[in-house]
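Assemble the complex: chain A is given as a structure, and chain B must be docked to it using the hints.
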Amino acid sequence: MLFHFLLGCDDVKKKLLVLLLLIPLLISGCSIKKEKLILATEAGFAPYEYYENGEIVGVDIDIAKEIANRLNKDLVVKDVAFDSIISEVKTEKSDFGAAGISYTEERAKEVDFSIDYMESKQVLIVKDSSMITSPKQLKRERVAVQLGSVADSYLTEEYPYLTIIREKKFLAAIQDLIDDKVDAVAMDEIPAKELIKSDMKILGEALVVDHYGMIVKKGNKELLDNINEVIKNMQKEGKIDEILLTHMGLKEKQNIPDRNNQSITEKFYYSIIYDGRYKYIIEGLKNTLLIALGAVLLGVLLGGITAIIRNINENTNKLKILSTLAKTYVTVIRGTPSILQLMIVYYVIFKAVDINIVLVGILSFGINSGAYVAEIIRAGINSVDKGQIDAGYALGLHYDHIMGKIVLPSAIKNILPALGNEFITLVKETSVGAYIGIVELTKASDIIASRTYDYFFPLIIIALIYLLITLVLTKLISIMEVKLKHARN
Amino acid sequence: MLEIKNLKKNFAEKKVLKGININVNKGDVIGIIGPSGCGKSTLLKCINLLEKPTSGHIIFQGDDIVDNNDLEILRQKIGMVFQQFNLFENMTVLENIILAPTLLKLMSREEAKKEALILLDKINLKDKANNYPSELSGGQKQRVAIVRTLIMKCEIILFDEPTSALDPEMICEVTNLMRKIRDEGMTMIIVSHEINFIKNFCNKVIFMSDGYIVEEGTSKEIFEHPKDERLKSFLSKINSI
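Residue numbers (my numbering), protein chains in the order written: chain A, 78 to 566; chain B, 17 to 257.
Since the hints were made in silico from the structure, they are not lab data.
All C-beta atoms in this analysis are idealised placements derived from N, C-alpha and C, irrespective of residue type, glycine included.
Worth double-checking, as some hints may not be accurate.
Unchecked claim - Estimated spans, in silico, between C-beta atoms of each pair:
1. Leu541/A <-> Asp183/B: 42 to 48 Å
2. Asn22/B <-> Ile556/A: 57 to 63 Å
3. Lys34/B <-> Pro414/A: 24 to 30 Å
4. Lys552/A <-> Glu185/B: 42 to 48 Å
5. Lys560/A <-> Lys169/B: 56 to 62 Å
6. Asp183/B <-> Lys552/A: 40 to 46 Å
7. Asn39/B <-> Gly412/A: 36 to 42 Å
8. Lys560/A <-> Ser52/B: 41 to 47 Å
9. Ser252/B <-> Gly412/A: 47 to 53 Å
10. Lys243/B <-> Glu391/A: 44 to 50 Å
11. Asp80/B <-> Ile556/A: 54 to 60 Å
12. Glu245/B <-> Thr408/A: 52 to 58 Å
13. Leu561/A <-> Asn147/B: 37 to 43 Å
14. Ile556/A <-> Asn216/B: 52 to 58 Å
Extracted from the complex, chain B is given alone in its bound form:
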């Protein structure tokens, strides 16, 4: 459903992505790992065009979206969850969730409210519907952020370090929710430093280094039989913590 072809991204003189090729099938759960600054987050932001690629193609459902002018329609189908949650601070939890579907006229306000409360109920946060984000814990915020994406009925969700801003005891509530979503068949691309989570959670893993994809394969191939020296060195550093 999503094909990335020879994607390049420069920030001024700095080359961040140097030719990325990825093929995502429906239902895939792809983990992207790699050292800091290797371009993982930039790659994610290029997929929903929050960053405009310098060159290359992104084929989504048969169309090249790089020069697409209907970014808004596209982004409704590609959800994104951020490291810092990025909830709208000036709105309640409920308003956060229903803002986009009502503004974009996907649902009436009433429908959106009903839907949002059902989703909040599923994550046990129905009683926080009228609270402001500043009154929630990190884990609660991130779960609301995920629900905010789900209500858009998107077809793929990009997770940019979804748990790295959380206290350890809250990571679980977020990964549990992600697991539920995965089991319902959602396509996901996850950038994360939580190696164990990626290892157990994803069916495909991509290792990036210095703007390139160095190695990709199943979780087992990457973590148990790494080939490239850079991946081996990366994994040994992580494991020695």
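Here chain A stands alone, though its shape is the one from the complex:
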């Protein structure tokens, strides 16, 4: 029995420590990387990188493929948040990054840049009716940008009186302009041409001109030299301009009617059916449920152990050190946001380990959930009438008899429904998984929106799916509650 195992001998702590240390080792031992060349990007930036037929394609991807060919490796493209790309490269999660990344001195302190492969013009998008005709006129207007983009840092430094709205996505920035929440959007000229609506224009005068480079971990000279060589050759042969042309004019290519003129059926068609986009949703749903389920199971395991350690300590005064650890675990996890925990697990703990990101999600959310489950179980245990425990002791029963036969069976009635709620919370919590590149439901809607240039419809669909999952789970919990009430009343 677990209780015996915990109480049994003096080197209990050693045993547990060994177990705890083994888990990450086992996982990390499974796969050691190579023969893969991993590119980190954020695939919502056509024509440089975007989704088509379920695959990430674009100018950057085509160049990256050339690099992989030259090195005789398989290119693996990872879609992460733009502001995660530098950490990806720094922690060797990815070998290099390309996402229309402009050279800045700050970035150059963190990673090494390749030679420029593309000149990028940062421009302003305004509505046709706007009075703004030149970037020089900007004073106190509201301007939307993508967080961490060149336009963001440039405007922040050069235009101190502007109100800068920092969106995670260009699409969201454009949506701000549609809704008149901002006066202008500042971004790269080429994707800007893809994104603008019929009542918008791009100002001819550039905000700033700078250059895109690819990034590698500081000191990775071998890869950097190869990248530079490939870029040089492609430029010489005029290939990069060629690639750019094939990826431009997507809107015309896809022959999609303007968003404003689409009927609901058309919207549904372009958001879900066209180009097999429902596959993103299915993939997202699968990952969301997988992570939530895995995490709740891991959470129950960790939470159960934590709660039992604390209960043993409270009742018998044994396991003092473990109990302090357990308390610290609960406090730290409940006191920090799950997104930070996810990033710490991925970029710090599993630094330089090639590990499946869904597994990282399960681990991170499971560790997170464990702290809450521990408190759920503790509350359940404490809700059991103290008199019954006294009666158990008075009959000569052992602590583990009392826990196993009396306390836990009674506590489970309070614990199970609360665990169901924890699962519901987790299903929604997984949406932050997109940060490290997990394609879960919310990310799926992002991907679709980045192709249809329309946030509204995919978001509503995803919201409905979340709602449906929650409703089904809630129903299951209430059925379970009723059954528990009848059983052993």
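Relative to the frame of chain A, chain B by itself:
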């Protein structure tokens, strides 16, 4: 068979028992009375070490049990009946009774069942064997709780206010059962507010006040010839109800 020597118990700064000495002989039926908060229930819980005494000795069958590590064996010999019955709510009456003897491997499950049904039959509750505690009346619950103790073949039973949570018409069924057990020679220590019950039921009575034993003697001595002023005042208050 049981000797309590200079027993003290503090809860943090609060001194609840300030030096208790009691000598219990086999077959004794000892009633403990006294005002609320005088430490009666704490004393009872110290005897089977549900509460650990702060200092002092409890000698049970020749051994000092205060620092005993075999609490489980000890508690099998010292039964306890609670004010709130404390039946295991998640188990049937039968399961309640056979849980401890089977888990502690004192009997096989079959033996325990047989024994439990015989005992239940004696208290006319055989037909409730498969009911859950929430389906029983208070008096029935308390009788089941007593049977749960009896099946352990314990040598002494501690009763902590066994009738004070019961409706008046149910008190009798519980005291009748206790009388039967007494007449079979069981050693008992009873904390109770039912002064008349203690008076007629016990051969020895202890009056406690403020953590001390103030007066002890036969039932007759305590109730008919009280000496200490505190006991006199306690009895007069009770009698004036």
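Which hint numbers does the structure go against, in order from smallest to largest? 1, 3, 5, 7, 9 and 13
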